[in-house]
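There are 4 protein chains.
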Amino acid sequence: MSGPAGAAAVGTLLVHSPHRKGIVTSLAQLLSDHDVTVVDSSHYSDASSQMFFQRVQFDASISAVQRDALEVSLGAMTARDGMVWRIAYPDRAKRIAILASKQEHCLYDLLIRHRAGELACTIALVISNHPEAGPIAKHFGVPFHHLPITAETKQRQESRAVELVDGAGVDLIVLARYMQLLTPGFVQKYPGRIINIHHSFLPAFVGGNAYRQAHEKGVKMIGATSHYVTDDLDQGPIIEQATVRCTHRDSVEVLTRKGRELEKQVLATAVRWHLEDRVMVAGGKTVVFD
Amino acid sequence: MSGPAGAAAVGTLLVHSPHRKGIVTSLAQLLSDHDVTVVDSSHYSDASSQMFFQRVQFDASISAVQRDALEVSLGAMTARDGMVWRIAYPDRAKRIAILASKQEHCLYDLLIRHRAGELACTIALVISNHPEAGPIAKHFGVPFHHLPITAETKQRQESRAVELVDGAGVDLIVLARYMQLLTPGFVQKYPGRIINIHHSFLPAFVGGNAYRQAHEKGVKMIGATSHYVTDDLDQGPIIEQATVRCTHRDSVEVLTRKGRELEKQVLATAVRWHLEDRVMVAGGKTVVFD
Amino acid sequence: MSGPAGAAAVGTLLVHSPHRKGIVTSLAQLLSDHDVTVVDSSHYSDASSQMFFQRVQFDASISAVQRDALEVSLGAMTARDGMVWRIAYPDRAKRIAILASKQEHCLYDLLIRHRAGELACTIALVISNHPEAGPIAKHFGVPFHHLPITAETKQRQESRAVELVDGAGVDLIVLARYMQLLTPGFVQKYPGRIINIHHSFLPAFVGGNAYRQAHEKGVKMIGATSHYVTDDLDQGPIIEQATVRCTHRDSVEVLTRKGRELEKQVLATAVRWHLEDRVMVAGGKTVVFD
Amino acid sequence: MSGPAGAAAVGTLLVHSPHRKGIVTSLAQLLSDHDVTVVDSSHYSDASSQMFFQRVQFDASISAVQRDALEVSLGAMTARDGMVWRIAYPDRAKRIAILASKQEHCLYDLLIRHRAGELACTIALVISNHPEAGPIAKHFGVPFHHLPITAETKQRQESRAVELVDGAGVDLIVLARYMQLLTPGFVQKYPGRIINIHHSFLPAFVGGNAYRQAHEKGVKMIGATSHYVTDDLDQGPIIEQATVRCTHRDSVEVLTRKGRELEKQVLATAVRWHLEDRVMVAGGKTVVFD
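Chains D, C, R and H supply the protein sequences, listed in that same order.
1 is the number of the first residue of the first sequence in my numbering; add one for each residue after it.
1 is the number of the first residue of the second sequence in my numbering; add one for each residue after it.
1 is the number of the first residue of the third sequence in my numbering; add one for each residue after it.
1 is the number of the first residue of the fourth sequence in my numbering; add one for each residue after it.
In isolation and in its complexed conformation, chain D is listed as follows (with noise of 0.2 Å):
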């Protein structure tokens, strides 16, 4: 629930805007002015697009007038210079949905980093269309739902499980290889909110079977991809990706193998990073504040 450096009961900030002359000056005053005391600041000016990224990171022990005056402040700002924002308190943490299906590399990872206090969030259910998942996610006390799903089902389970999403408070969904396609109504749903991880280095190998594109066509090195999910299959806003060597040597079989350390390490960081609010979106691409 804390930033990185194990500091305390920090508040995060998120802005985006057009770029302008003085922005960080105003931002800076903004915050002083409303006695909020910065942490740590990163902020970046992205020359093509011409916009204005910052994260700030403050003292969060202002009271609940305090916050609620920075945020009538801060909606001027977006009425003002079009700035977008978000806040995030370290006294409510996230909660997360993780959808597995039958590879449990991910599933397992996530409840472990979780455990080990790496992931600063409730993990409020798994659900799964397959069963297998149900004892791991009880050996990490976790609530658990099985959805599976047939061609004719489908549409119902989806529904079953935005009612359980919602239902839970979610505020991220993790895909640890769901290997179901969800429908662009799913998607929509929940928008910049839902995390895919994805065996290959994109744009190379969209779909399925990414591995075995791989060894077609005897790449050097193989990768992985945690994306945002948008209606175009494989092809939202990036936010980590990792390779690692193969040779002529590794079958179909060794690339799954290698390709599942990086499939857990890249989107473990994925959800870390949007946890700890360090990730916004914009023009279909991301600005990560690492």
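It should be emphasised that the hints constitute simulated quantities derived from the structure, not laboratory data.
No experiment lies behind these values; they were computed from the predicted model shown.
You may find that some hints are simply not true.
Identical chains share a label here; the pair holds if one copy fits it or two copies do between them.
Each computed DSS-like pair below joins lysine-lysine, with the alpha-carbon atoms no more than 30 Å apart [to be verified]:
| no. | residue 1 | residue 2 |
| --- | --- | --- |
| 1 | Lys-154 | Lys-102 |
| 2 | Lys-258 | Lys-138 |
| 3 | Lys-138 | Lys-102 |
| 4 | Lys-217 | Lys-258 |
| 5 | Lys-94 | Lys-285 |
| 6 | Lys-189 | Lys-285 |
| 7 | Lys-217 | Lys-285 |
| 8 | Lys-21 | Lys-94 |
| 9 | Lys-285 | Lys-258 |
| 10 | Lys-189 | Lys-217 |
| 11 | Lys-102 | Lys-258 |
| 12 | Lys-21 | Lys-217 |
| 13 | Lys-217 | Lys-94 |
| 14 | Lys-94 | Lys-154 |
| 15 | Lys-285 | Lys-21 |
Let chain D serve as the given structure and place chains C, R and H on it in line with the hints.
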């Protein structure tokens, strides 16, 4: 001119053939029959294609008569088993031609590595369509030819390049960020003997402006790929690849700078492996005995 | 239980000996004489120590009589040439014991990899001086033994561990972040059969609190090292190492989190290589046929 | 001469001071009062030392009068808060001296990167105790001085080097695999202004023959470290490190070849960061705003 462990006077035999039971033993027997002392050996059986690959390093201090007899026996295996083979002896250094354009980093890199003894070859000549490469070649004592290219002169200059390459007895042509497309005629003349460096992690970002493509996509890693040149643009058998992290902060210029590092290393590694007879091509992919 | 390429029923022969001319051919001949079909083979001659190493994978579908005859012939080579060898057949899975303490990440990691089929072995038991590992072992269906250790009970509990390990017919002991120093007696009982993971890039930062040592030094990368355990603390033959970048922003806690990734991977890789009979030790160093 | 995003005419202010509440806001206010437009800014509060670090990039198109006034105000903060600061303006390129010995790779690398525009500086001179560097410096149009060193002449030649360096108005001295130990007098004259490249992953393998030490230890990765030079051999504040895999097959010669890659990159990165005013030293460690 020696193997990586500094061994002296080592010859290299590369073979590939359809797999059959006992092939390792037959080849060991054949070499033994010819009194060839094996120094190092590795093989690889490809399960999907049922192909067998072997690289044998042997004590090359055998007489010309022995060499001839060995080749006769290998020829018999070719006739009987469909085996493809080639032998390289250390007393003949391979000769390479470097084709360059305006970007100098790969050209410099290859020349410096050669000077440092990393590349066991003679750099027979440098050809560029820009005059700036002239003083560089001269500094390293390598013959230089300036062949400027326009739409009109392209065909003629390429013929001139063929004359120069063939006149110099060149074994390998290295495209060191050579920005001209080669004609099919040129490519087909040197099968498996032209190595290119492409500034992306293929198969992503084929063609020109790969760093701009990467920037627009918002990837979190960029790559470089060295491959043998075939008639399909950027589709030839991949020899080596590498990647490096990038962030949203990296402009196209920064990606280009970071990419230059990859390009230099990946091209030099591919060239070195080729010169050390570590690479075989089959089925559009490479087997690299590194 | 099979090699990495999914081949069925493959045996592995590891040999090392003082180098002598013709050794590759002799060994090929010996195997051929016993009608052993070589599937894969690699060797390595160490120039500085004048030692020869070879790993041969062969079709293990030979009779018990053939196996015995093969071992007799290998025994003769040992007598004559000072060759050291061992053979592993796929019909007997190796058995391992995991020793753990309070940190769970390596324990979980090994159990999950085993469940996913990455580690060709039987996990015979888990021993920990902390009770928390019990439910974890149980979740994966592995026998668990809680041996709490105090200064007073250490000797007795170690004797108990020896009984358990020996009683379970264990081939390899894996120290999965086991935070107790083993006595020389224990170590000497299992030469080349105990693998440890140390949380630094050895030989830097020997001993405890390696991440704190790294933080105080201000290094820009941290590492992890797996090695066979010998009587010299953190000095045994290194099997595998890995590193990851860090920055001045990384507190000891962040280094610890980053390091856990390395520890898991490096330990799992070392264990997998050992189980696949890829590692030989000579002169205080390892030869790894990967 | 510009920041990484190609921005024009950007000045850089670096500050560090004991941390106190409100310091970010005070500094923002100070800059605002002087009509300085912040382009980019990042800061870092070190929890263990309670130190605060900030790097501000600002629009440098301010008058000489404004510059003076700004420095007066910063001076007042120094007096009041113990703040240490320095400013760099883009209209004055830093000047560097390269000290080299027989190994050429780092020398070539720096000269080529400078020529490619990667290093925002003037290379004022090259000094070497070997004559071979002369033609290299000449090829790049850089003044060269040959100062051969014997036990007898060492002191005198070092004094000559000081004269040359000071006469050329040098800001930074780069030891590009300079194989001579500098005297304490020399080192103390240029605190935080001499960058060295060491051919190991420090603190492992201090001193000479680091690749041989690594080979004897049997490590599975080698590294390189760039650091500011202090009186303690190879113990100065680390700026950058990198590592690469190696295997038992790699002789000392191969390690040396692989290590050259690391040395080039790590040294060039450290020099670039220093030239771009990204590095501050405190408590024997560096803070790098990359």
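Going down the list of hints, with the structure as the test:
| no. | hint | result |
| --- | --- | --- |
| 1 | Lys-154 to Lys-102 | within (17 Å within a copy, 43 Å between copies) |
| 2 | Lys-258 to Lys-138 | both (28 Å within a copy, 27 Å between copies) |
| 3 | Lys-138 to Lys-102 | both (16 Å within a copy, 21 Å between copies) |
| 4 | Lys-217 to Lys-258 | both (17 Å within a copy, 25 Å between copies) |
| 5 | Lys-94 to Lys-285 | within (23 Å within a copy, 36 Å between copies) |
| 6 | Lys-189 to Lys-285 | within (20 Å within a copy, 44 Å between copies) |
| 7 | Lys-217 to Lys-285 | both (27 Å within a copy, 7 Å between copies) |
| 8 | Lys-21 to Lys-94 | between (34 Å within a copy, 29 Å between copies) |
| 9 | Lys-285 to Lys-258 | both (27 Å within a copy, 20 Å between copies) |
| 10 | Lys-189 to Lys-217 | between (37 Å within a copy, 24 Å between copies) |
| 11 | Lys-102 to Lys-258 | both (18 Å within a copy, 28 Å between copies) |
| 12 | Lys-21 to Lys-217 | between (49 Å within a copy, 28 Å between copies) |
| 13 | Lys-217 to Lys-94 | between (41 Å within a copy, 29 Å between copies) |
| 14 | Lys-94 to Lys-154 | within (28 Å within a copy, 44 Å between copies) |
| 15 | Lys-285 to Lys-21 | within (24 Å within a copy, 35 Å between copies) |
When the structure is compared with the earlier hints, no violation turns up for any of them.
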